[in-house]
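In order, the protein sequence lines correspond to chains A and B.
The first sequence maps to residues 1 to 485 in the numbering used here.
The second sequence maps to residues 1 to 172 in the numbering used here.
Hints may contain errors.
[Said to hold, decoys possible] Derived Cβ-Cβ restraints for the label pairs, each shown as a range:
# : chain 1 : residue 1 : chain 2 : residue 2 : range
1 : A       : Gly181    : B       : Ile47     : 54 to 60 Å
2 : A       : Leu52     : B       : Ala41     : 53 to 59 Å
3 : A       : Leu52     : B       : Val54     : 43 to 49 Å
Because the hints were derived from the structure by calculation, they are not lab data.
Treat the numbers as computed from the prediction; the structure is a model and nothing was measured.
Every residue, glycine too, gets a C-beta built ideally from N, C-alpha and C.
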Amino acid sequence: MTMHTVAQRAVPALEPARLALVLGGLVFLLMMLLGFLMKASQAELVPLEPQLFYEIMTAHGIGMVGTAGLTGIAVLWHFLGRHLELDERIFWAFLGLFLSGVVAIMGGIFLGGFAAAWTFLYPLPAVSGGVWSPTVAVLYLVGLALVGVGFLLVHLECARALRAGWGGLSRALAWPLLLRGAQEPVPPPTVVAAAAVTIFNTLGLVFGAAVIVISILEILLPGVSLDPLLAKNMIYFFGHVFINATIYMAVIAVYEIIPLYTRRSWKTTRIFAGAWSVVLFFVMAVYPHHLLQDTVMPGWALVVGQVLSYGSAVPLVAVTTFGLLAYLYRSGARLDLPASLLVLGVAGWTAGVMPAWVDGIIVVNKVMHNTLWVPGHFHMYLILGQVAMVWGTLLWLARGSSGSGLGRSDRLLFGLYLLGGAGLTLGFLVAGASSVPRRWAVHDPAWTVHDLPGVFFALLILVAACGFFAKALPGLVAAGEERRA
Amino acid sequence: MQELVLTVSLLAIAAVAGAFLHVLRGLALQPRASAEADGLARLRQRILWCAGLVGVVIAVATLLPWPHAVPAGHGVVPVHVRGSVWAWELDRTSLPVGVPVVFHVTSSDVNHGFGVFDPKGRLLFQTQAMPGWVNKVAWTFTEPGRYRVLCLEYCGLVHHGMTAELEVGSTS
Numbered sequence: 001m002t003m004h005t006v007a008q009r010a011v012p013a014l015e016p017a018r019l020a021l022v023l024g025g026l027v028f029l030l031m032m033l034l035g036f037l038m039k040a041s042q043a044e045l046v047p048l049e050p051q052l053f054y055e056i057m058t059a060h061g062i063g064m065v066g067t068a069g070l071t072g073i074a075v076l077w078h079f080l081g082r083h084l085e086l087d088e089r090i091f092w093a094f095l096g097l098f099l100s101g102v103v104a105i106m107g108g109i110f111l112g113g114f115a116a117a118w119t120f121l122y123p124l125p126a127v128s129g130g131v132w133s134p135t136v137a138v139l140y141l142v143g144l145a146l147v148g149v150g151f152l153l154v155h156l157e158c159a160r161a162l163r164a165g166w167g168g169l170s171r172a173l174a175w176p177l178l179l180r181g182a183q184e185p186v187p188p189p190t191v192v193a194a195a196a197v198t199i200f201n202t203l204g205l206v207f208g209a210a211v212i213v214i215s216i217l218e219i220l221l222p223g224v225s226l227d228p229l230l231a232k233n234m235i236y237f238f239g240h241v242f243i244n245a246t247i248y249m250a251v252i253a254v255y256e257i258i259p260l261y262t263r264r265s266w267k268t269t270r271i272f273a274g275a276w277s278v279v280l281f282f283v284m285a286v287y288p289h290h291l292l293q294d295t296v297m298p299g300w301a302l303v304v305g306q307v308l309s310y311g312s313a314v315p316l317v318a319v320t321t322f323g324l325l326a327y328l329y330r331s332g333a334r335l336d337l338p339a340s341l342l343v344l345g346v347a348g349w350t351a352g353v354m355p356a357w358v359d360g361i362i363v364v365n366k367v368m369h370n371t372l373w374v375p376g377h378f379h380m381y382l383i384l385g386q387v388a389m390v391w392g393t394l395l396w397l398a399r400g401s402s403g404s405g406l407g408r409s410d411r412l413l414f415g416l417y418l419l420g421g422a423g424l425t426l427g428f429l430v431a432g433a434s435s436v437p438r439r440w441a442v443h444d445p446a447w448t449v450h451d452l453p454g455v456f457f458a459l460l461i462l463v464a465a466c467g468f469f470a471k472a473l474p475g476l477v478a479a480g481e482e483r484r485a
Numbered sequence: 001m002q003e004l005v006l007t008v009s010l011l012a013i014a015a016v017a018g019a020f021l022h023v024l025r026g027l028a029l030q031p032r033a034s035a036e037a038d039g040l041a042r043l044r045q046r047i048l049w050c051a052g053l054v055g056v057v058i059a060v061a062t063l064l065p066w067p068h069a070v071p072a073g074h075g076v077v078p079v080h081v082r083g084s085v086w087a088w089e090l091d092r093t094s095l096p097v098g099v100p101v102v103f104h105v106t107s108s109d110v111n112h113g114f115g116v117f118d119p120k121g122r123l124l125f126q127t128q129a130m131p132g133w134v135n136k137v138a139w140t141f142t143e144p145g146r147y148r149v150l151c152l153e154y155c156g157l158v159h160h161g162m163t164a165e166l167e168v169g170s171t172s
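Pulled out of the complex, with its shape left as it was, chain A reads as follows:
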C-alpha cells in the first residue's frame, strides 16, 4: 500500500482540471446571460416566445447543472491530484466526452427545439405535443449519457487511486478513526470528501444512466415503457445526488485553500469523519423529499424524505460551517478576493439550505413545491455557494494567496456579486411565498412586481461574474505559459 498524504505532486504543463475550470467559468457566464434573459422576459422587458423561453430554460438548467458538475469535479481532481497519483488521460477523456455531450445537448435544444427541462421527467421527452421529433429527444438523451459516462470514468479513476493510496475506500473515509478512535496516518479532508463523493455520485450516475437508456428505448422501440413513478424516483435520485455532489466537491477548495490564510491546517477529526459518513448516506436517502406531492409513494419514504431533509443540514452546519468559522475566528487571516469568495461559498450554501429544509416539510411543501420558492433556495446555494467557491478557486489559481486583503476593485466586484445574489434569491423566495409558480414562460401581470427587481439583481451578478473571469484569465494564461516554459 502506498500512502500519499500531504506531499504536493508536480503540476503538469497543461493541467486539464485547470482548463475545465476556465471552460466552466466561461459557460457559467453564458448560462447567467440566459437566466437574465428569462427573468427579463417574465418581467415583460424582453419579448421571448414561449417555445424559445422553454428552450432557454432547458439549456440554462442543464447548462448550470452540468457546469457545476464540471467545475466541481475539476476542483476535486486538482486537489486530490496533490495527494494521490491520478491518470490524467482519464480527465482528458472526460473532457472529450463532456464536450461531445454538450454539442449533442445544445444541438437538440436550439436546432431541434427540445424543451423538456433539464430533469427530462419521464415520459415528457417522448411526448412533446408534436413540438420536437423523437430523433431530437434521442439526441438530447445521448448527449446526457455521454456527459454521464465521462463523470463515471473520473469517479472510477478516483476510486482506483483512493484504493491504491489508502488500501480501501473505508480507510479513505477515515472509518478506522471514526470507529476505533485512531488511524495512522489519518487521511486529509480532501481524501475523505473525495471518497464519499466518489461513492454516492457513482451510484447516482448509474441510476441516471439507467433511466436515460430506458427513455431512449421507449422512444425507439414502441412497447417499451417504464413505470412513471419508478422513473421519477430514479430521476430525482440521480438529480439530487448529482447536484449535491457538485457542492461537496467544490468545498474541497475551502479545505485546501483557507488554511493558507488562517495558518491553521484543516484536520480530519473523528467528528469530521463522522459528518462525511452521515453525508454519504443522507445524500442518497433524502431524495424522496422531491416526491412529497406524490401521495401514492409509501408513507415511510415520505417521512424519511422529510426527516433526512432536516438531518442533512446538520452535518453541514455543525462541521463544515462551524469548522470554517472556528478556523477563521481570531486567526489574523487577511482575506483577499479568492478567500472571500470561498468563505461566501460556505455562507451561501448554509443560508440556502435553510429554505430548502423548510420546503422539505410535507405541509410546507404542499404550498411551496414548484413555486419560485424552489429556485429561490437552490439559486442561493448555487450562486452564493457552489459557484462562489468556483470563482474563488479560479481566482486563487490565477493569483495565489496575496494575504493583502480586498483591493478597491475586488471589494466592488465582491459587493456587486453578493448584492446581486442575495437580491435575486431573496426575491425568488418572496415570490414563492406569494405563490408565483416556477417554470412559467408567461407571468400574470400581478407577478411582474417580483420579476422586475430580479432583472436588476441578475444583471449585477452577471457584471460581477464577468469581472471575476476577466481578473482570473490573465493570471491563468500566464501561469500556463510559465509551466510550459
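Using the hints, position chain B against chain A.
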C-alpha cells in the same frame, strides 16, 4: 402558512449571516487560548444536541396527523381530475363550502401538477398528476368564490396555459 415559512426562513438566513459577520469582525483579534478552543468544542456539541431536539419537535408537530390523510365515507365529495397536454378534465367544477372534497388526480400522458389557488391568488394545496397512478388530496373550502387550477409541473410548451376554474358555492 406562506408568511410563517418566509419569516422562519429569513430568520434562519439572518442567523447564518450574523454568525459569519461576527466571525469576520473577529478575524484580527488575538489568537484564542486552548481553553477557548475547548469552549468551541462544547458549543458545537450544544448546537448538535439543540439541532437534534428541534428536529424531533418539528417532525412530530408536522407529521401528526399525517398530512396526506384523506377522509372517507358519507359527506365526502369526490372529484376526479385528469391532466393531459395541455388541459384539465374534471368531472365536476361546482363545489360546496364546508364539506371535505377529495380530489383523485391522474394524467393521461406526462406528469402535471394539480395546484388550486384561492380567489386572491394564494396556493392552497397541490398534488402531482401522474400517468398510471392516482394521487389523492383532500381540502375543505371555507370561502365561496372562483378558484383557479394551475399546472405546477412543467409539461411542455403550453404548460403555462394549462388552467381550469372551480366554482365554490356559498352553501354546502
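Checking against the hints above, which ones are violated? Per hint list: single violation, 1.
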